[in-house]
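Trainee: When you get a sec, could you build the whole thing from the sequences and use the hints?
Heads up: the sequence shown at position 51 corresponds to 51 in full-length UniProt numbering, and the numbers run straight through without jumps.
There could be a bad hint or two in this list.
Straight-line distance between alpha carbons at most 16 Å, and here's what the computed EDC-like set of lysine to aspartate or glutamate pairs gives [claimed, not checked]:
1. K315 / E288
2. K184 / E216
3. K306 / E288
4. K306 / D189
5. K283 / E322
Simulated from the structure, these hints should not be mistaken for lab results.
Only a predicted model underlies this, so the values are computations on that prediction, with no experimental measurement involved.
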Amino acid sequence: MTSKHSSVHAGHGVSSGRSLRLDGQEGTRNVHVAEAAGKVEVQRMRCPVDGMKSGCTSAGAGSEKHTSAWKWSIRNRVWDLMERENIAAFPRPVHHRIPNFIGAGAAATKLASLSVFQAAKCVKVDPDAPQKQVRYLALQGNKKLLVPQPRLRTGFLLELETSRFPHNVIPEACTAAVMAKYGKPLGIDAKLEVDLIVSGSVAVNPKTGARLGKGEGFADLEYAMLRHIGAIDDSTLVITTVHDTQLIDDIPTEKLKVHDVPVDVICTPTRIIHTNTNIPKPKGIYWELLPPEKLEQILVLQQLRKKIEVESSTKLPTGISEKLLP
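Mentor: Right, dumping it as structure tokens:
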């Protein structure tokens with residue numbers, strides 16, 4: 001795959017297009033996506049603020065409590081600071097979330113000023129609240145927008161293009177419910193070439209590009225799946241938008257795992273930071289690190305695993321068992 005940084009986007013106008021009718025099988029799938037998004041939020045609200053001291057354990061957190069306690073120490077430090085200083089924005093409290101923050105729109109504007117964003121034709125953006133303006137700017141720029149389906153339970157990605165809905169729907173098309181309504185579900189067999197990845201973060205090291213998410217591992221897993229199908233490569237930039245208080249210098253790179261995805265560029269409300277990271281990006285899916293419980297929750301991974309095993313006549317390894325959210 002050639003570097004995607006040099007791709008040129010032919011125009012930034014927004015087509016009014018036509019309204020997408022949600023008939024038949026695709027409409028049913030999208031209703032399921034919307035329902036899944038609602039269930040995720042209900043579960044998140046049930047999870048206590050001090051979840052690391054309780055039995056409410058997120059996907060990936062079960063083993064991390066023992067092997068990566070340092071990650072949770074940093075996450076809780078950032079979450080506590082953002083709440084204490086009223087940097088946090090709705091939805092609150094921000095604990096156990098990719099935290100929304102005051103100035104998220106300004107950080108998105110910084111990102112949109114980058115030539116790599118302006119040239120991109122296809123952008124994968126996380127579905128979290130602080131990246132809402134990034135999703136809006138991608139659609140406003142007439143780019144193909146990819147967002148992951150909720151917790152990957154109903155599928156892989158949703159593809160949004162402005163030709164599928166009226167121009168005046170674009171501001172709302174950045175929200176979970178409307179993305180589910182207008183997005184086209186894509187499976188793991190989709191033929192894609194993604195020019196840019198935009199992720200949310202809980203904390204990120206501006207010196208090294210080391211990133212911490214909320215501890216569930218979905219952003220890393222989505223990256224691995226995109227890498228597996230050839231939609232991205234090492235040259236595909238990973239950018240995060242965060243508040244300046246989320247810049248943490250003491251994220252130890254030597255403790256990161258092989259599946260942890262670093263970031264190339266950080267956009268805050270006040271600045272753009274090129275990390276020049278030398279942390280290796282994951283090459284694909286590390287089946288030996290994937291807990292069986294998580295595999296059971298993600299249908300597309302089950303299908304991919306079965307396909308690989310059949311084609312290779314080899315049984316793939318699995319990771320250590322851990323407790324996941326229902």
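Trainee: Among all the numbered hints in the text so far, which are the ones the structure does not match?
Mentor: Hint check: 2 and 5 fail, others pass.
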